[in-house]
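J.: Here the protein sequences line up with chains A and B, keeping their order. Under this note's numbering, the first residue of the first sequence is numbered 9, with each subsequent residue one higher. Under this note's numbering, the first residue of the second sequence is numbered 2, with each subsequent residue one higher.
Take the hints with a grain of salt, since some may be wrong.
[Said to hold, decoys possible] Taking lysine-lysine and the DSS-like style, the derived pairs with C-alpha atoms no more than 25 Å apart in a straight line are: (1) A:Lys-261 - A:Lys-178; (2) A:Lys-261 - A:Lys-487; (3) A:Lys-180 - B:Lys-94; (4) A:Lys-261 - B:Lys-94; (5) B:Lys-94 - A:Lys-43.
[What the hints assert, rightly or not] Now the in silico label distances, taken between C-beta atoms and shown as ranges: (6) B:Asp-148 - A:Arg-408: 56 to 64 Å; (7) B:Ala-177 - A:Glu-317: 49 to 57 Å; (8) A:Val-229 - B:Ala-49: 35 to 43 Å; (9) A:Glu-278 - B:Leu-59: 31 to 39 Å; (10) A:Glu-274 - B:Tyr-111: 22 to 30 Å; (11) A:Glu-274 - B:Ala-177: 34 to 42 Å; (12) A:Ala-119 - B:Leu-17: 41 to 49 Å; (13) B:Glu-159 - A:Asp-542: 51 to 59 Å; (14) A:Gln-22 - B:Glu-83: 40 to 48 Å; (15) A:Gln-22 - B:Glu-70: 36 to 44 Å; (16) B:Gly-8 - A:Gln-22: 28 to 36 Å.
[Said to hold, decoys possible] To spell it out: a stretch of chain B is covered by chain A in this simulated footprint if at least three of its residues, at any positions, have a beta carbon under 8 Å from a beta carbon of chain A; those stretches are: (17) 122-131; (18) 150-160; (19) 164-170.
For the record, the hints were derived by calculation from the structure and aren't laboratory data. Keep in mind the model is a prediction, meaning the values are calculated, not measured. C-beta atoms are modelled at their ideal positions from N, C-alpha and C, and glycine is treated no differently.
Read off the chains here:
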Amino acid sequence: MPRVAMYQYDEIDQRAVDERVAQFRDQTRRFLAGKLSEEEFRALRLRNGLYIQRYAPMLRIAIPYGILSSRQLRKLAHIARTYDRGYGHFSTRQNLQLNWPRLEDVPEILAELATVQMHAIQTSGNCVRNITTDHFAGIAPDEVVDSLVWCEILRQWSTFHPEFTYLPRKFKIAMSGSPADRAATGVHDIGLMALRSDAGEIGFRVLVGGGLGRAPMVGHVIREFLPWRHLLTYVEAILRVYNRYGRRDNIHKARIKVLVKERGPEAFREEVEAEWTHLENGPATLTQDEVQRVASRFTHPQYEDLPNEQVERAGHDPVFWSWLRRNVHPHRVPGYAAVTLSLKKTGVPPGDLTSDQMDAVAGLADAYSFGELRVTHEQNLVLGDVRQRDLHALWVEARRLGLATPNIGLLTNIIACPGGDFCSLANARSLPIAEAIQRRFEDLDYVFDIGELDLNISGCMNACGHHHVGHIGILGVDKNGEEWYQVEIGGSQTRVPGAPAALGRVVGPSFSAEEVPGAIERLIEVYLEQRDSDAERFVDVVHRIGVAPFKERVYGNANPRRDNRERQLAAA
Amino acid sequence: MATLIRGETIANDSWLLLEGGVARWLAVGEDGFVPDFPYQADLIAPLALFQVRGFELLHRFGRTGIVLEPHEDPAAIASALELVPLVAVRFPKFGDGRGYSIARLLRERYGYRGEVRAVGDVLRDQVLFMKRSGFDSFSLRDDQDPDEALAAFRELSEEYQASSTQPQPLFRRRQAQEARAG
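Modelling step: build the complete structure from the supplied sequences, incorporating the hints.
T.: Below is the structure:
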C-alpha cells in the first residue's frame with residue numbers, strides 16, 4: 009500500500025481510464041485516416057487535453073485537485089523526456105502541460121499515464137474541467153473540512169457525464185475547505201466553500217458565475233449552506249440550467265457568468281432551486297456509505313509523534329531563514345510543516361520544470377514527504393508532510409536543484425501563462441515580462457521589505473495568468489501588431505478569511521515591454537511611501553487610497569508616455 | 002437517406018420527418034384549405050405545427066411524433082406525451098448539447114417511455130452519451146458508417162452517474178451489490 013495521502017483507483021476507475029485511452033486511440037486513427045473532419049476531431053481531442061498550438065500540439069494532463077505521487081511525477085518526467093523536450097509546465101489550474109508532443113504519440117502518452125492512475129480527461133473542451141482546490145487541503149491548520157474527498161466525489165461525477173459533455177463553454181469548479189480560500193472559489197463557474205454548521209454537519213456555500221477572462225466577475229452566493237448529501241444533485245441542477253439556457257450564439261458570452269448576469273443572480277438562483285426540487289433526494293443524493301468508501305480509498309501518511317521544533321535564527325544562513333519565513337507553512341500535525349518548492353527562479357519560465365528536476369523532486373518527496381506532492385495554482389510544488397527537523401536538510405537539497413527561491417507570496421513569485429512564446433491565443437508574450445520584472449527586483453531584502461504581493465501576468469484576455477486577481481496584474485494586448493501591456497492594481501483572490509475576491513482596476517494607458525519593470529517599480533515606491541506599517545500590504549494600500557496616487561506617479565503629469573521614456577532613458 | 006439505429010441495431014425506419022417548414026403546412030391554398038397530411042404515413046411534426054394541427058395529425062391512420070428544436074421546452078408537450086409514440090430532438094450541430102438535457106427531462110421528469118430519437122448532426126462519437134441521456138434511436142448523419150456507430154456504444158462500459166440507462170449512480174449500485182454479497 010502506498011504511503012501517500014491520495015485516492016487509489018479501484019478496478020472500475022482503472023477500466024474507465026483504460027477504455028478512454030482505447031477510445032481516443034481509435035478517434036486519432038480515424039482522424040489521421042481522414043475519416044473525421046478537423047472540427048469533429050477538435051471537439052474530441054480537446055476533451056482529452058490536446059490542443060493544436062502555435063508551434064506544435066499542447067497536451068494538458070490532469071492532476072486532479074493538484075495531488076501527485078512521486079511515482080506519478082517520475083512517469084511525467086519520463087513522458088516529457090520521451091515524447092517531448094524534457095520539460096513540462098505546471099499551469100494555474102493545477103495541471104501539467106507539455107508543449108511539444110506529436111499528435112501521433114498522444115494515445116501512447118495517455119496509455120502511459122493510465123498505468124499510474126492518471127489521464128487528460130476533460131482538461132479542455134466545453135465540459136466540466138479538472139476540479140481545483142486548496143493546495144494545503146488535508147494539512148492546513150485553518151481547515152474546516154478536508155476537501156479532497158469531496159473533490160474526488162465530484163471528479164467521478166463529472167467524468168464522462170453524459171448530459172454535460174457539450175456545454176455552451178468550459179466549466180470550472182473550485183472547492184475550498186478553509187475560510188482563507190486558497191482555491192479562489194469566488195472566480196470560478198461554481199465555487200464551493202466547505203463549512204460546518206453549528207451542529208457540526210458538513211455543507212457547502214455555493215457561488216456561481218465567477219470567472220476571469222473577458223468580463224471578469226466575482227461569483228454570487230446562491231446557497232449559504234447546502235448539506236453535503238445534496239452536493240451532486242444541486243451542482244447538477246446548476247449545470248442543467250446552464251446547459252439549457254447558456255448562450256451558444258457568441259463564444260464570448262457563453263460562460264455561465266453571462267447567464268447569471270443577464271438573468272440576475274436572484275432569478276438565476278430561483279431557476280436553479282426550481283430545477284433542484286425535481287432532483288432533490290433523487291438517486292444522485294450522496295450517502296454516508298459512499299463518502300466513507302471514497303474516504304477509505306485515500307491512503308494517509310503515518311505521522312510520527314513529534315514535538316514542534318524551535319528553529320533558532322542565530323547560527324543559520326540568512327537565506328535559509330528567509331526560506332523558512334516564506335516557503336515553509338504551518339501544518340495541522342505537530343512536528344510537521346508544508347514546504348513550497350518555488351518554480352519561480354529568475355530566468356526560468358514560471359511553472360516550468362525539467363524532467364531531471366521532476367525526478368529529483370520525486371526523490372525529495374520520497375525522502376521527506378511520504379512520496380506525495382501538491383501542485384499549486386500559483387504554479388509551484390508543495391511537499392505537504394515534512395518533519396520540521398528535516399527542514400534544513402531539505403533546504404540544502406532544494407537549493408541545489410534551484411527550487412528554493414525564498415519568494416512565496418512575494419513579488420517575484422510571478423504567475424504567468426505560457427504567453428505568445430507558445431500559445432496561439434496570446435496577444436503578447438508573458439515569459440520575458442516575468443523575467444524582466446524578476447531581474448529588476450533581484451535584491452531579496454527589498455522584495456522581503458515589500459512583503460506580500462501577488463503579481464500575475466496573462467498574455468491575452470483569456471486570463472490564464474489570472475491577472476485580474478493579482479495585486480498587480482499585467483495583461484498583454486495587441487496594438488497594430490505590437491505587444492503592449494496593461495497594468496491593473498488592487499485585485500485579490502482572497503487569502504484573508506471572509507474577504508471577497510476583488511478584481512483589479514486598470515492604472516492607465518498600456519506600456520511597452522521595456523517600460524513595464526519601471527512602471528512596477530514606481531507602483532512599489534508609492535506603496536512603500538504610503539503604507540502605515542509593513543503589516544499593510546500593497547493591495548491594502550490600493551484599497552485604502554485608491555488608484556489615483558499610483559497613476560500619478562506612474563505617468564507623471566504632462567505627457568505620460570514621453571515622460572515615461574525619459575525616465576527610462578535616465579535610468580539606463 | 003440517413004441510417005437509423007434503434008435498440009443498438011440498424012433498423013428500418015417508417016417515420017417521415019415533415020419537411021418544408023411549418024409555414025408550408027399552415028399556408029392556406031387556393032382552395033381555401035391548408036394542405037392535407039399524408040393519411041397512412043408515420044409523421045414527425047415540428048412542435049409549432051403540432052400545437053396548431055395536432056388534432057388532425059393524431060386522427061390519421063399513420064402514427065404521429067413530435068420533433069423538438071434545442072431551444073424548445075419539453076414541458077410544452079408534457080400533456081401530449083401519452084398520445085405520441087415518438088419524440089425526436091434535433092441537433093443542429095453535434096456540439097450543441099441542449100438536446101441531452103431535453104432527453105433526460107423527457108425520460109426522468111415526464112416519465113416518457115416512447116421512442117426518443119436524435120436527429121440532425123448525429124455522429125458516431127456522440128451516440129453513446131446520447132443513449133445515456135435517454136435517446137434510444139439515432140438517425141445518423143448521411144456520411145456516418147452505421148457499423149462504426151454500433152461499436153461506439155461499447156467504448157466505455159461503466160458510468161459513474163445516474164443516467165437514463167442507469168437510474169442508479171455507480172455508488173448506489175455498488176452499495177446494493179455489497180449488501181447482496183455481504
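J.: Indicate, hint by hint, whether the structure satisfies it.
T.: Hint check:
With a C-alpha separation of about 12 Å, the suggested pairing of Lys-261 of chain A with Lys-178 of chain A holds against the 25 Å cut-off. Taking the CA atoms of Lys-261 of chain A and Lys-487 of chain A, the gap is about 23 Å. The hint holds against a cut of 25 Å. The suggested pairing of Lys-180 of chain A with Lys-94 of chain B holds, with an alpha-carbon distance near 24 Å, which does not exceed 25 Å. Annotation: proposed proximity of Lys-261 of chain A to Lys-94 of chain B holds, straight-line Cα distance about 18 Å (limit 25 Å).
Note on Lys-94 of chain B and Lys-43 of chain A: the hinted pairing holds, with a Cα-Cα distance of about 18 Å set against a maximum of 25 Å. Under the hint 56 to 64 Å, the C-beta atoms of Asp-148 of chain B and Arg-408 of chain A, about 59 Å apart, fit the expected range. For Ala-177 of chain B and Glu-317 of chain A, the Cβ-Cβ distance of about 50 Å falls inside the hinted range of 49 to 57 Å, so the restraint holds. One distance hint, 35 to 43 Å for the beta-carbon pair Val-229 of chain A and Ala-49 of chain B, holds here, with the actual separation near 40 Å.
Range check, Glu-278 of chain A to Leu-59 of chain B: about 36 Å between beta-carbon atoms, so the 31 to 39 Å window is met. Separated by about 28 Å at the C-beta atoms, Glu-274 of chain A and Tyr-111 of chain B satisfy the suggested range of 22 to 30 Å. The hint said 34 to 42 Å for the Cβ distance between Glu-274 of chain A and Ala-177 of chain B, and at roughly 40 Å that hint holds. Checking the proposed 41 to 49 Å range against Ala-119 of chain A and Leu-17 of chain B shows it holds: the Cβ atoms sit about 46 Å from each other.
At about 56 Å, the CB distance of Glu-159 of chain B to Asp-542 of chain A agrees with the hint of 51 to 59 Å. Look at Gln-22 of chain A against Glu-83 of chain B: about 44 Å separates their beta carbons, and that is inside 40 to 48 Å. For Gln-22 of chain A paired with Glu-70 of chain B, a C-beta distance near 41 Å keeps the hint of 36 to 44 Å intact. Hint check: Gly-8 of chain B to Gln-22 of chain A, Cβ distance near 30 Å, so the stated range 28 to 36 Å holds.
Chain A is given as covering the segment 122-131 of chain B, and this holds because 6 residues of the stretch bring a CB closer than 8 Å to a CB of that chain, at least three being needed. Chain A is given as covering the segment 150-160 of chain B, and this holds because 5 residues of the stretch bring a CB closer than 8 Å to a CB of that chain, at least three being needed. Evaluation of the coverage hint for the segment 164-170 of chain B: fulfilled, as 4 residues show C-beta separations to chain A shorter than 8 Å, against a requirement of three.
Checked against the numbered hints given earlier, this structure breaks none of them.
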